[in-house]
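**Student:** Here's the letter readout for the chains.
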Amino acid sequence: MRRDDAIFTRGRTLVYRAGVRRSGPEFGPRRSRLHGVPSALLAAALCASPSLAAAQTEPTVDPKPATSEGAPPPADAPPAPPPAPEAGKQADPPATNDGAAAQKREGAGDVKPAEPKAEAPKAAEAPKAAEPPPPESGFFLGSYGRVGAATDFRKRPGRDADLVARGSRLDESPYFELDVQRQDYWKATGTTTRAVITLGTSAPLFHYNADFTIRMAVRNLFLQANNIVTKGLSAWVGSRMYRGDDAYLIDYWPLDNLNTMGGGLRYDFANGRTFIAWHAGLNQPRTGFFSQTVARTPALNQVGAANVNILDRQKFITSLKASHVVKVGETAGVKAVLYGELHDIPSGQRETEVKGAFETLPADFGYVVGAQFGAFTGRDASHVNLFIRYAGGAAAYGEFGTPFQLAPDRTSAGARELWITLSGNWETGPLGLMAAGYFRSFRDASEGLDYNDVDEGIIMARPHFFLTEWGGIATEISYQAQQRGVRYQPPTPPGQPIPAPTNDPVMGGLFRIGFVPFLNPAGKGSYSRPQLRLIYLLTHRDEGARSMYPKDDVFSLREWEHFFGVGVEWWFNAQTTYGG
Amino acid sequence: MNRARSSAAILGLVVSGFGSTGCMEFEDPPEVELKTNVVDWREEIIYQVLIDRFADGDWGNNFSVYPSAPGKWHGGDWKGLEQRLDYLDELGVTTLWISPVVKNVYTDAGFDAYHGYWAQDLTQPAPQFGDLAALQSLVKAAHGRNIKVILDIVTNHMGQLFFYDINGNGQADDPLNQSVPGTPNVFKENEYDPTYDVRGVQAETSLGESGLAPIIFAHDPASNHMPPFPEILQNPLAYNRKGRTYNFDDPDQLVRGDFPGGLKDVNTELCPIRDAMVDAYTRWIELTDIDGFRIDTVKHVENGFWRHFTQKVRQRLAAKGKTNFFMFGEAFDGRDQLVGSFTKNGNDAPPPADELATDNQCVTDGVPLTADMLDSVFYFPQQFQVIRDVFRYRGPTSNIQKLWADRAVNYGVTPAQGGAVNASGQGVSPQKLLVNFLDNHDVPRFLFTGAGMYPEDPIFGTPLSLETRRKMLHNALLFLFTEEGIPCVYYGTEQDFQGGNDPGNREDLWTSGYDMAAPTFQWIRRLSEIRRKYPALSKGDLQILWASDRTGPSDPDANVFAFERTGGDAGDSYSIVVINANIEKEGSPEFGGQPMQVGAAPGTVLVDVLNEGGQTYPVTNDGRLSIKLPPSSGAVLVPESQR
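Residue numbers (the numbering used here), protein chains in the order written: chain E, 1 to 580; chain S, 1 to 643.
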């Protein structure tokens, strides 16, 4: 066997030939017939992946990079279309959420001021029109929220059944954000400043468990000045979620999704369709990779114990983004984004388990390169976006991630992650179709394959049929699969000889179909919010998927899963996170 | 000009700001000049202070104080002791023996190191007692009153700083189940305090032993279970690592076993350890000008160490101007020969030549070691055989005579070179320097009446009244203050404290209100005055005049004891001490109609300087003296001409 034929290795043992395109039959033993077509498609994608074609090393990534709580909220809004120039957008007072205003916009109920649909063209044309009135000064509130209650038909709680990192939103647990903004227009300079405070919290909620305590995060605390120094230039400093466009259905920001404390600059060109944005920030995840606090005897012979930070290093992240929209016709356009990040972690030292003995942690480095290509109609929320993102080194573990399963030199060199995401929405008459899918391949920095080396993906569609202006019915159909770098051990009935593990990495698949009658008080539209839902999801989990859960977890036992409940989702003026 | 005025104003504000908060400087600069503060240690009256229990002078160092629990910190400190020097001055005390000053493991197994015997850092002061400045201030204040200070030190062991990782799992297992080879049985072991093993504590798995168990130092700053200092004590080789001593009659266990309670035995046979101990403890003297060492657990350390330690300490201090530095050891043992073995100086009992040669291999300064060791020891055999058996149990006074008969042989007649001296600079032999005591922090107080303890009524088995016991105590104190040697009073004795065994005998002195009118306080004050006034009682040679085997109710001399002191370094000073230790009847040093023969010339009129009235007693022409004493009483007679 030629070594370059191998796509998975365990140490030096080749266990998988890349020369054979893995189609359906390769997953046969663990595949339900229900999964045949989608799994074949996904498997083909997995096996064709360039990252799979290389011998792997052990990963570690938390297979769920950005959790729903970690990244979702404000932008949980529609798939960001080509945004209006941020500076101009933010100079406007936050949009109101009165019904009339919503009606005026095709995104009915979606009050994101930056909605591409109608806003983009306007923004582009605005500078040439009459001078707009100065932005309104004052306090503004915004919110994103989703709440649901569900059961599994067995009187147990409905539970998020996704196997992959980013799955359906419908079974996500409650999450809530409150945006408080203060906007001021300063006549002396023509600058508009906006201070943003965003508080976020998540389940469990008081009415579920009677627990009066709450854990709340400050998701934003920054001030941005627009049109500062020169028109089109904006600057911000503070603690900030920093994001671009999302893929709504899978609750994910495929290109850029940063959480740092720092600052940034953005310049919007006069054409209103081009901008560049730069940001630099710091964070320090709460793990022993970044900090180590030990107890020491206090100085000067004082009694008690004092905490000393032996290891105290931060991750420095800087990003650069360039975006350009090409107009097509009156309202439509094509959008292209180039994106890059650099991650730098300085060296440090920490105390080993042998007290008084120290070890050095080498400096680490990472990078991200990515691009986005999109198109939108501008008349409604119809659009499509393709995201490609490749992260190497420390960046492969995410901006809040801690490198693990390191290379022999104890750096994350060699770790890598590829995301290819497709997201879109199409609306016509009483019909709407939202769709999303991604393929992800992650390898950690250690040599050989292990559990944390992951290939996964999902394809998902949510057709809407608007029965009237105020509601309709939607379905959601998806298939997701995941492959991990460990060999599959077939289950063995009691008393039977235990077979050898297979030569294949374990792979599980999950098919789901859902029926979601909904009400849209703000009018019809795929992104119209608020939206009240009755949700039923039926999930089929194949044998491989069940094998990924620990013994006695019901998910390791059940082939079929039900999720039945109610849910609501809203967003009002909640779009303050976008920086690029 | 304006700018200059502004600057001046700002400067003025800054200066006044500093002035309003006070400048950061200590009242007593730390420079200490070493001096010899003692003329003759026999003139001293030692008062043993358990710092944590004497006086709380600084609430700022009260960390985790629980006064209601006898085994916890109570808050006493050096500042408190300094503030109460008036009290001690009034009592007549001339030397303070203070409990250890070095930093300890703060707490272990629910008990605190308020006593100071669980050392962790020999280079730092225990913060619960104050800082170095407070200790220096205490010593300086004491010296200002001509009160000397003796420091309690421990060289045998450190606190419970590490555990033996017997099963190799890296954690301290308590208890650890260990199998009994060849049986299905298991026994419980404690990795902090495992049983002695002559080979060293062995690592053990279910398959059997696997060599010496590694030791692992604890790291808990909050309880100060931290690696020890000086750093050489962080080396596993610095310890014998043989586990807990269970048989003190086994010489190897005695010297190389851990002290029960997990106190880790230091390998004092190593030359670097010997030097480290000299450095660590001499430094405290250099920092404070303290005048002597009381050394803990001396019988658990080999003689070679004592030769090295005592001689190098003396030489180092003498080179810096401090001589007559007094070192006495504690061997908690009733065996007179054993206790005396640590004061055999010169040729009293020289070690074998090869042993001394081995000891000299540790000498690096070119001054070879001799046979000399300690100046003195705590006279534990007397505490057992006299204080307990005669004064508390009312045994025959011939016990005293028997014990003292071997004093010269057992404790030696040769002074340590460079050791304790008299006013003329001549060495004082150990047998004359023994530190006498009635009780201390390791034994029940004299007045204790707990179950199974004397004194109690021999017929009805009920405790004797406090009044009776106090009389007995006063008699014992009379003996303590007039016998040969140095009296040592345990704090609280003057307030009639009655605590039992540790920690019951470690009461808070502040509960007494520091009552200087208390009867025993006044009694000690009187004894101190008498001892200081009549040199014979401190420096005179001692001759027993009367001792008796008789204790019966019809025996006139039952429990009577008498001795005279004169000569020696006391010159012509002369005194006779007569004690009736019987609590029920009068007593007289006479038998068969013959009173005791005394050394005073016939016709000498002796006067009782102890009791009210100053009763006189003439010496008969045949040199005898008749005196009758009430129950539990005594007399100190001096020639009327010396009164």
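Please note: incorrect hints may appear among the correct ones.
With a straight-line cut-off of 20 Å between C-alpha atoms, the simulated SDA-like cross-links for lysine to any residue are [what the hints assert, rightly or not]:
hint	chain 1	residue 1	chain 2	residue 2
1	E	Lys355	E	Val328
2	E	Lys355	S	Pro221
3	E	Lys355	S	Pro251
4	E	Lys355	S	Phe217
These are calculated hints, taken from the structure and not from any lab test.
**Student:** Is the hinted pair lysine 355 (chain E) and proline 251 (chain S) satisfied, with a Cα-Cα distance of at most 20 Å?
**Tutor:** violated, 35 Å
**Student:** Sort out whether valine 328 (chain E) lies within 20 Å of lysine 355 (chain E), counting only the CA atoms.
**Tutor:** Not OK: lysine 355 (chain E) and valine 328 (chain E) at ~67 Å, beyond 20 Å, violated.
**Student:** Is lysine 355 (chain E) within 20 Å of proline 221 (chain S), Cα to Cα?
**Tutor:** holds, 12 Å
**Student:** Hey, lysine 355 (chain E) versus phenylalanine 217 (chain S), does the alpha-carbon distance stay inside 20 Å?
**Tutor:** Since the Cα atoms of lysine 355 (chain E) and phenylalanine 217 (chain S) sit roughly 9 Å apart, the hinted pair holds (cutoff 20 Å).
Going through the hint list in order, the structure does not satisfy hints 1 and 3.
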